[in-house]
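Kindly generate the complete structure, drawing on both the sequences and the hints.
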Amino acid sequence: MSTSSEAVECAGGKTSWPEVVGLSVEEAKKVILKDKPDADIIVLPVGSPVTKDFRPDRVRIFVDTVAETPHVG
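Each residue of the sequence shown is one higher than the one before, counting from 1 in the numbering used here.
Honestly, the hints are just simulated from the structure, not real lab data.
Quick caveat: nothing in here was measured; it's all calculated off a predicted structure.
There could be a bad hint or two in this list.
No more than 20 Å apart at the CA atoms, straight line, and that leaves these computed lysine to aspartate or glutamate pairs for DMTMM-like [unchecked claim]:
#: 1; residue 1: 36; residue 2: 26
#: 2; residue 1: 29; residue 2: 64
#: 3; residue 1: 34; residue 2: 57
Shown next, in the form of structure tokens:
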């Protein structure tokens with residue numbers, strides 16, 4: 001029985017990384033690339049429209065946090 005904290009594996013490789021939730025994008029990329037060096041990592045805002053095609057080399061990271069104070073200029 002799996003839990004949400006366990007990574008799903010398919011055909012011998014990881015297909016999800018729940019352990020990166022809460023990390024910075026750069027830290028998350030490092031973890032993902034360690035497990036899947038050929039990953040094409042795409043960073044998108046939460047709720048972004050995405051294509052429905054399946055690409056085994058693509059990993060999408062969805063973010064929704066403002067990291068710094070927005071300012072004019």
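Verification of the supplied hints:
no.: 1; hint: 36 <-> 26; verdict: holds, 15 Å
no.: 2; hint: 29 <-> 64; verdict: holds, 16 Å
no.: 3; hint: 34 <-> 57; verdict: holds, 14 Å
Every hint from the earlier list agrees with this structure, and none is contradicted.
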